[in-house]
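Asker: UniProt numbering puts the first residue of the sequence shown at 1, with every later residue one more than the last.
Keep in mind that the hints were calculated from the coordinates and are not lab data.
Be a bit skeptical, because a hint or two may be false.
[Stated by the list, open to error] SDA-like, lysine to any residue: derived pairs with alpha carbons at most 25 Å apart:
{"id": "1", "residue 1": "K346", "residue 2": "L333"}
{"id": "2", "residue 1": "K42", "residue 2": "G262"}
{"id": "3", "residue 1": "K131", "residue 2": "G396"}
{"id": "4", "residue 1": "K366", "residue 2": "P5"}
[Unchecked claim] Simulated DEER-style distance windows between Cβ atoms:
{"id": "5", "residue 1": "M1", "residue 2": "D172", "range": "19 to 27 Å"}
{"id": "6", "residue 1": "F179", "residue 2": "E210", "range": "38 to 46 Å"}
{"id": "7", "residue 1": "G130", "residue 2": "Q350", "range": "55 to 63 Å"}
{"id": "8", "residue 1": "E178", "residue 2": "D206", "range": "42 to 50 Å"}
From a predicted model like this one, the values you see are computed outputs, not experimental measurements.
Each residue gets a CB set at the ideal place from its N, CA and C atoms; glycine is no exception.
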Amino acid sequence: MIIKPRVRGFMCVTTHPTGCAANVKQQIDYVKAKGAVAGGPKNVLVLGASTGYGLASRIVAAFGAGAKTLGVFFEKEGTADKPGSAGWYNSAAFHQFAEAEGLYAKSINGDAFSDEIKQRVIDAIKQDMGKVDLVIYSLAAPRRTHPKTGVTYNSTLKPIGKDLVQNGVDTDKEIIKEFTLTAATQEEIDNTVAVMGGEDWQMWIDALSEAGVLADGAKTTAFTYLGEKVTWDIYWDGTIGAAKKDLDKRVIDIRAKLAAIGGDARVSVLKAVVTQASSAIPVMPLYLALLFKVMKEQGSHEGCIEQVDGLFRDSLYSATPILDGEGRLRADLKELDPKVQDEVSKLWPQVTSENLNQLSDFAGYKREFMKLFGFEVEGVDYEADVNPEVTIKNLG
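Using the sequences plus the hints, can you model the full thing?
Answerer: Following this line, the structure appears as structure tokens:
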């Protein structure tokens, strides 16, 4: 079939297999051009391996360090008359490129919050890898069913302590408008922490440790975002921030557990990029469009693959990691450069529907958003017939 994009709000309901593969290839080429990651990992488990920062982590581990990778995700396969999810096509492409270079890759498709998937992962590690020396935790899900209680929690995107009225961009109509968000209840805060906080990360490390599949010196990291004042009300000081602060609490016990085998656990702070999750957060598309313009003009713009590649080389596998006072690894310092943030803050109140494309890089934001789903990728013929049925080799 010939697949065209159909966008609804912060989702594109169609995906393009060839475009997704081309996008993965671009990221692989970037990492390979940077050379080998000195002292990098050998056996890597990536939880949330199919899109965004998780996919980038898998690419850097495999094509930067030559590591065997086991990826876990929850994606939808395409049928003869309907495309699958972008993450499915990304993963299929990753497997194809890894196999071509003789790199081991296996994936497990299912609910990573469940005990069943944890056990399947442990079995796969024992069978094919022995032990893992790096665990990347990059799960982003709107809900979680607790594996012990069976209770399902739903996350929310809300401020805490006050209602919020803030300018943002209506991405469908491409106009600036005010968004009003009501303050979260305590139950909504608790539920968001249950979904997006650190409990599941800790459960994974506990399960892997008890099964004896963590190598001596094993590392683990989970990703977070701090940002600056313009996004704090909805992000760091909102329900998502409450969940991310839970990571900071949980990592202390995880670090102590890994220290016993000479390992380490860190929360890694990454910059704002276009992901399906960030696109759903009111205010973020406008912030990203302004940030892109400023950082591109200053020559410091980075996407997922640049961020994660830098994280591996400069912190995770460096003798002098970039740490903050809380013990987090920092890869977001270019975004937080006062020259960048001052310019974004200066532009923010000036943006109107009429000058949106002049004062911001909204076109660049839209292009990055479409690339998430395999569209607007350079070199892809979107008029060509494409088969939506793509298999993932070595899917466990």
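Asker: Are the hints correct? Go through all of them and say.
Answerer: Verification of the supplied hints:
1. K346 x L333: OK: K346 and L333 at ~19 Å, within 25 Å.
2. K42 x G262: 16 Å, holds
3. K131 x G396: 17 Å, holds
4. K366 x P5: Since the Cα atoms of K366 and P5 sit roughly 12 Å apart, the hinted pair holds (cutoff 25 Å).
5. M1 x D172: 19 to 27 Å: 25 Å, holds
6. F179 x E210: 38 to 46 Å: Since the Cβ atoms of F179 and E210 sit about 45 Å apart, the hinted range of 38 to 46 Å holds.
7. G130 x Q350: 55 to 63 Å: 57 Å, holds
8. E178 x D206: 42 to 50 Å: 45 Å, holds
Consistency note: the structure conflicts with none of the earlier hints.
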